[in-house]
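Once you've looked at the hints, dock chain R against the given chain U.
Chains as they are written, first to last, in the numbering used here: chain U, -12 to 424; chain R, -12 to 424.
Keep in mind that the hints were calculated from the coordinates and are not lab data. Any given hint might turn out to be false.
Copies of one chain are not kept apart here, so a pair can be met inside one copy or by any two copies together.
Listed below are the simulated DSSO-like cross-link pairs for lysine-lysine, each with C-alpha atoms no more than 30 Å apart in a straight line [what the hints assert, rightly or not]:
#1 K170 to K81
#2 K58 to K170
#3 K324 to K170
#4 K324 to K223
#5 K80 to K58
#6 K170 to K342
#7 K324 to K81
#8 K342 to K81
#9 K333 to K170
#10 K325 to K80
#11 K325 to K58
There are 2 protein chains.
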Amino acid sequence: MSGARPRVMILGGGFAGLFAAQRLARAPVDVVVYDRTNHHLFQPLLYQVATAALAAPDVASPIRRVLRRQKNATVLLDEATRIDPGAREVHFKKSGRQPYDHLIVATGARHTYFGHDEWEQHAPGLKTLEDAFNVRYRIISAFEEAERLGGGPEAAPWLRFVVVGAGPTGVELAGAIAEIARKTLTRDFRRFSPGSAEVILVEGGPRVLPAMVERLSDDAVSQLQRLGVEVLLDTKVTAVDARGVDIDGERIDARTVLWAAGNQASPLGRDLGSTDRAGRVNVRPTLEANDHDNVYVCGDLAHFEQDGAPVPGVAPAALQMGRHAADNIRRQVAGEKKRPFRYLDKGTLATIGRKKAVGRVAGLNLTGTLAWLGWLFVHLIYLVGFRNRAVVVFEWAYSYVTYQRSARVVVDAGGGVVDPRAPVPKSTEGTAARETT
Amino acid sequence: MSGARPRVMILGGGFAGLFAAQRLARAPVDVVVYDRTNHHLFQPLLYQVATAALAAPDVASPIRRVLRRQKNATVLLDEATRIDPGAREVHFKKSGRQPYDHLIVATGARHTYFGHDEWEQHAPGLKTLEDAFNVRYRIISAFEEAERLGGGPEAAPWLRFVVVGAGPTGVELAGAIAEIARKTLTRDFRRFSPGSAEVILVEGGPRVLPAMVERLSDDAVSQLQRLGVEVLLDTKVTAVDARGVDIDGERIDARTVLWAAGNQASPLGRDLGSTDRAGRVNVRPTLEANDHDNVYVCGDLAHFEQDGAPVPGVAPAALQMGRHAADNIRRQVAGEKKRPFRYLDKGTLATIGRKKAVGRVAGLNLTGTLAWLGWLFVHLIYLVGFRNRAVVVFEWAYSYVTYQRSARVVVDAGGGVVDPRAPVPKSTEGTAARETT
Chain U
-12 MSGARPRVMI LGGGFAGLFA AQRLARAPVD VVVYDRTNHH LFQPLLYQVA
38 TAALAAPDVA SPIRRVLRRQ KNATVLLDEA TRIDPGAREV HFKKSGRQPY
88 DHLIVATGAR HTYFGHDEWE QHAPGLKTLE DAFNVRYRII SAFEEAERLG
138 GGPEAAPWLR FVVVGAGPTG VELAGAIAEI ARKTLTRDFR RFSPGSAEVI
188 LVEGGPRVLP AMVERLSDDA VSQLQRLGVE VLLDTKVTAV DARGVDIDGE
238 RIDARTVLWA AGNQASPLGR DLGSTDRAGR VNVRPTLEAN DHDNVYVCGD
288 LAHFEQDGAP VPGVAPAALQ MGRHAADNIR RQVAGEKKRP FRYLDKGTLA
338 TIGRKKAVGR VAGLNLTGTL AWLGWLFVHL IYLVGFRNRA VVVFEWAYSY
388 VTYQRSARVV VDAGGGVVDP RAPVPKSTEG TAARETT
Chain R
-12 MSGARPRVMI LGGGFAGLFA AQRLARAPVD VVVYDRTNHH LFQPLLYQVA
38 TAALAAPDVA SPIRRVLRRQ KNATVLLDEA TRIDPGAREV HFKKSGRQPY
88 DHLIVATGAR HTYFGHDEWE QHAPGLKTLE DAFNVRYRII SAFEEAERLG
138 GGPEAAPWLR FVVVGAGPTG VELAGAIAEI ARKTLTRDFR RFSPGSAEVI
188 LVEGGPRVLP AMVERLSDDA VSQLQRLGVE VLLDTKVTAV DARGVDIDGE
238 RIDARTVLWA AGNQASPLGR DLGSTDRAGR VNVRPTLEAN DHDNVYVCGD
288 LAHFEQDGAP VPGVAPAALQ MGRHAADNIR RQVAGEKKRP FRYLDKGTLA
338 TIGRKKAVGR VAGLNLTGTL AWLGWLFVHL IYLVGFRNRA VVVFEWAYSY
388 VTYQRSARVV VDAGGGVVDP RAPVPKSTEG TAARETT
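Okay, chain U solo, but in the shape it has when bound (with noise of 0.2 Å):
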């Protein structure tokens, strides 16, 4: 990379950033993106990985492999530690300290337990590949513990399901759980029905889905209750533990607890200077934060008010923070006046299941199977990669003719058979000694 043009660092390769570094091409700039992983995750659809519908590589492309056509960008792996905006520098885990000079911080946000980070071994959440491959591994080895133990009142907490928040992923899971257990493995076990598993969603507040209008609530409801889900409101969950979950001091026996309930800030915003109670970046109009010029911060990681309210922690808010912010740097570049930024709504779908969604476009509340292929649409658009589009178009229609998920596969710790419970995947040592019963 040239030293005469400005350096611009990026920290995170979700929409927010990779958005940003594509918006970059043509600026007479040099654009690094770091990332401690290194694919760019299409969240949106994460739980589908998670629930055996798609395979990791459909909802993952190599950050790399994205912006290989870009002569300015440089992408690395590595894990950013610190950030120090007086110096300009930002100290990474194996590259020591790396100077910029601008900044964009789109770090993201992973779930928060409340400051009962010991409930997370027992129920873990949806943000990266890793753990989508966890909750698949849980929803498949509870159904395989539950055949294995010949059904009965043994297998009864392992057929029980427990998903915490009722946001849209807590909705999807649940809503994918159901359908699994009434539709996909109908036929795969011999010693008890997959029909009677219980899956029950559990909500802290008054509604799920709370972001959409009354109504598209109260439809999803009625949807998820179609599907056998049992639906619990205002419901605060008071412990969890490896055989299940405390809500109003009420006793869950369930071995398949799932987190969808609150979010926290990447830890790399207390660098920044004046954060909001998630731990959200305090950014003003142009998306800097608050406190430090020169330093934007986009995506789940902003806390950026907008008619009053702040702007929601969805994909396309990330996105056109992160061209907005893309946009500042050129007009900074080139001695121009930055602009504000304004977050252009074009509406909410999630998905509740087969024909079954609600959401809100253009103004219009759209629910049932309308809603639904609305979301199938948007989703693949914003898909990246013609290759995902493909593959994720086939095994849709595949799934949809079939109501089989072709991801159902699992590695559990060292290949062999462990406690389902305990954390996966583990080691590959282990493998070696063992033969492959």
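Coordinates of chain R only, in the frame set by chain U:
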């Protein structure tokens, strides 16, 4: 399962076990298939998962799903730890002791390090999906590390790949890595030229693909060399560590060493009496273990002599053995006489790269494009499941046209950045706390 019908227990859901189970579909027996993974793995294509050409679900099908319509078959996820032919019982990790009337043992083989098990952590083999993820991770992260280090002498050991063993797997791995470097990644890096990567194939014997006729071995070597693979014959590996290998005392500095050298049969074989040097169980013409009536041994675990030579450990042999063992059990149950097994060699093909392969089919020696097309065709036919065939055809066509590999996605320890040489992937616990840089 009705206790009245004889219970046929099958250990292992590979080619031998799965085809044995299917062959018993109409027999008056109850079939129980145990595997420690939930999937049947199409091992001949595993190297394509390792080299990012295919996703895991493309080459693995849930055993439970393959057998879902076979009413007399039950599939259980558990790991056999001991066989007690005297008591007609098998001991399992989770299910304890389980009885059988007829037993088919098809637990395959692992690679062997000839008494140097400590080499494995530095030079993984390729037998399971986890192995494939491990190999894929090492190959991809080696290039990533070379870029991070800015190319140059420091990066050189990361751009040197050593494959030990020139059987089909070794040849296919070496060829695929060379193609990745020369074709797939050409535009992807900014700080070094992937084409400069060295791929070294080390073989202890006098030729590659020793199972084939000499002429084809020579063809294979020249095809490998055209891909830029350095082939070292009659060369012994004397040491392996995290930084490279010693060959006949001379040092090769290479951060990525892959093992395709030897097979060691599943330890379960030891419970079945006389075995050969590789731990394979010596079987009678009926495929029963020499020392135990009613215990059939099939696939890579069996040592079956035919025309003075042992039948090779290849998929077609395993498949034929599995079916034959099932037939003999059917005959036994029907009070008929068991028949001797005879392996029908339909030929053998090994692919080296794009339009590069060698093989012998129906007495004809094939090489180049023709052999390659034959290889594609044969492997598609034996791939289990329509969906897999369709997707694999698409992936192959896509890579053929674009030179791309669609599964260049890796998940490393805790989703974070670690020494690429650390075992992978690890527990997911770590991920939670960290930001997604």
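Which holds for K324 with K81 at a C-alpha limit of 30 Å: within a copy, between copies, both or neither?
Neither, since 36 Å and 68 Å both go past 30 Å.
Given identical chains, is K325 near K58, meaning Cα to Cα at most 30 Å, within a copy, between copies, both, or neither?
For K325 and K58, only the intra-copy Cα distance (25 Å) is at most 30 Å; the inter-copy one is 69 Å.
Classify it for me, K342 with K81: is the Cα-Cα distance of at most 30 Å met within a copy, between copies, both or neither?
Classified as neither; 47 Å inside a copy, 40 Å across copies.
How do K324 and K223 come out at 30 Å by Cα distance, when the copy is not named: within, between, both, or neither?
neither (48 Å within a copy, 67 Å between copies)
Homomeric proximity label, K170 with K342: Cα distance no greater than 30 Å
within (14 Å within a copy, 42 Å between copies)
Intra/inter-copy verdict for K80 and K58 if alpha-carbon distance must be at most 30 Å:
Classified as within; 26 Å inside a copy, 55 Å across copies.
At most 30 Å between C-alpha atoms: does K324 with K170 qualify within a copy, between copies, both, or neither?
Classified as neither; 57 Å inside a copy, 44 Å across copies.
Please sort K333 with K170 into within, between, both or neither, judging by C-alpha distance up to 30 Å.
neither (33 Å within a copy, 40 Å between copies)
Is it within a copy, between copies, both, or neither that the alpha carbon of K170 lies no farther than 30 Å from that of K81?
Between. Shortest inter-copy distance 28 Å satisfies the 30 Å Cα cut-off; intra-copy 47 Å does not.
Taking 30 Å as the upper bound on the Cα-Cα distance, should K58 and K170 be classified as within, between, both, or neither?
Classified as between; 18 Å across copies, 48 Å inside a copy.
At most 30 Å between CA atoms: does that hold for K325 and K80 within a copy, between copies, both, or neither?
neither (33 Å within a copy, 65 Å between copies)
Of the numbered hints listed earlier, those contradicted by the structure are 3, 4, 7, 8, 9 and 10.
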